[in-house]
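Number of protein chains: 2
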Amino acid sequence: MHLLIIGAAGMIGQKLVGRLARDPRIGGRHIERMTLQDVVEPTAPKDASFKVLTRAGDISVPGEAAALMADAPELIFHLAAVVSGEAETDFEKGYRINLDGTRLLLEAIRAHGHKPKVVFTSSIAVFGAPFPPAMPDEFHLTPLTSYGTQKAIGELLLADYTRRGFLEGVGIRLPSIVVRPGRPNKAASGFFSNIIREPLAGMEAVLPVPDTVLHTHASPRAAVGFLLHAAELPQEKIGPRVGITMPGVCCTVAEQIAALKRVAGDKAVARIRRAEDPLVAKIVAGWPSRFDAKRAVALGFRAEKDFEEIIRIHIEDELGGKIAA
Amino acid sequence: MHLLIIGAAGMIGQKLVGRLARDPRIGGRHIERMTLQDVVEPTAPKDASFKVLTRAGDISVPGEAAALMADAPELIFHLAAVVSGEAETDFEKGYRINLDGTRLLLEAIRAHGHKPKVVFTSSIAVFGAPFPPAMPDEFHLTPLTSYGTQKAIGELLLADYTRRGFLEGVGIRLPSIVVRPGRPNKAASGFFSNIIREPLAGMEAVLPVPDTVLHTHASPRAAVGFLLHAAELPQEKIGPRVGITMPGVCCTVAEQIAALKRVAGDKAVARIRRAEDPLVAKIVAGWPSRFDAKRAVALGFRAEKDFEEIIRIHIEDELGGKIAA
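Taken in sequence, the protein lines are chains R and L.
Residue numbers for the first sequence follow this note's numbering, beginning at 6 and rising by one.
Residue numbers for the second sequence follow this note's numbering, beginning at 6 and rising by one.
Check each hint, because a few of them may be wrong.
[What the hints assert, rightly or not] Here are the simulated SDA-like cross-link-like pairs (lysine to any residue), alpha carbons at most 25 Å apart as the crow flies: (1) R:98 to L:7; (2) L:20 to L:36; (3) R:98 to L:246; (4) L:299 to R:135; (5) R:310 to R:139.
These are computed hints drawn from the structure, not numbers from a lab.
Could you build the full structure based on these sequences and the hints that come with them?
Laid out in structure tokens, this is it:
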């Protein structure tokens, strides 16, 4: 099978590539060739058993998507996106990459005519407050950000191109992915990762919201699992509603901290400094907190069972099993 | 006030222009100037008390929308669209007019920077089966046609451009508008009008579905009322969810026919010939039948109270009060 990953240099893209390098099968089929594309040239995995082609390019530039179709990839992961914060500060760039880029990709697929499977990463940002206490699968998409709007439009296009028989699409709405590896960043949601990752590494982290904040999380490993499961699902099981809210662990920040204490003790918890930031608190209040992801669960998508498992996965996958004393 | 109507040559556009020629006020403000645009040059109303400019043009052609912004219309009705059937048979034309055209219009408004009110006609085609027995305002948009997809994307864009402060948008989801004047056409929904209009004119009409089919209707007069009410609504009353399902009269075809009998007698009803068309029946089965349009009603949108009133409006507005013996 020939696989194309667009946005392969991002955090989830890299994790997906790593996972496939270790186990090069999807749905029982062997991967023979993989094309990794991103705006910066992605790194090819070492010791992969399949051929890897890397390519730097901008999918919003006409011709790029058509070039990616030249060798007819049978499975396409479309992970490329300008993130939430940047799509909000740079209106034009967000629409160019997230809307035009996605549409150019779908059009290139339609023009090529080979009907690939397309797995698209959407986001719970397609939802916007006010929310019911637990959002059902039938809740309407009411994004309150340009990023969420662009993702919702991507889902609608994917559904129509699927219905018309140009491709087989599935859009997976990811919850907040924690614990993100790397350094703290300025994303409003960054603290959900920071308050776990930094204390485990012996460093201080700032908590900018009250610890009553309720949110839904899944690990990077679970996110890769969602992508692979989506790729393996027969299209007839998905049906016309191709956008699917993924499951996750719903808990308060207090419960996150309690899990950290169980895993790493009081010393780790003491590294969390509380400093409320009203702006962050306001942004977070507009996000959905709890989902009733019945459809995803019925389709076999699986997240962690609790937040402690999310922390243990971070320690295994990022810290080689070791935490700071 | 300067008003722009895009798609002014269509049935609803013409009715809106006629209504404003008779009573040139919106929200207590006088209309001083009106620009009527469509792909064919619209007809200017006779004896209007305001200045009328007519213009033929294609909003999907770059530059057309910018030209329409040159004199900064404060209120824009965006009614232009490739209809459902054509958007399904001509994939590219549907996306070009309904998506690119709408986006070019929104971009021209953003570039001009004058923040007009924009009333966009959406459709209940943004919904797709399966449905709950009565669809709530919070039901998700799951279109099963390219037309419905394009209208849903239009709503999402309108909401984001409103939220960003580029314009003040409201999208009204029209139910089936009956009784459509003119000759029977090939639209799958045409029979809902045909079985009333033709018998009232002394002619035969074909009913291609079982008379148990349940559907929601409003008159052309009500549609114009929705547009004007939407234009008058203060934006803060609409909030971030700018797409609003309009109210209507929900009834079965049997109830439509019973209303025809009350208004025009057995002779009119005898002109309806039953000839089931499985293809039409299948298309109609995918359409939503009943809405719980609570939000629209709370915001003051009003449809007819029953189907008999819809028939009487047709007789008043189209037949000069006279029906065939």
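For the pair supplied as a hint, residue 310 of chain R and residue 139 of chain R, is the alpha-carbon distance within the 25 Å limit? 18 Å, holds
Are the Cα atoms of residue 20 of chain L and residue 36 of chain L separated by 25 Å or less? 16 Å, holds
Residue 98 of chain R and residue 7 of chain L were given as a pair; does the straight-line alpha-carbon distance stay at or below 25 Å? 32 Å, violated
Quickly compare the C-alpha distance for residue 299 of chain L and residue 135 of chain R to 25 Å and report which way the hint goes. Satisfied, since the Cα-Cα distance of roughly 16 Å is no more than 25 Å.
Restraint check for residue 98 of chain R with residue 246 of chain L, where alpha carbons must lie at most 25 Å apart: Roughly 24 Å separates the two Cα atoms, so the pair holds.
Hint 1 from the earlier list is the only one contradicted by this structure; the remaining hints agree with it.
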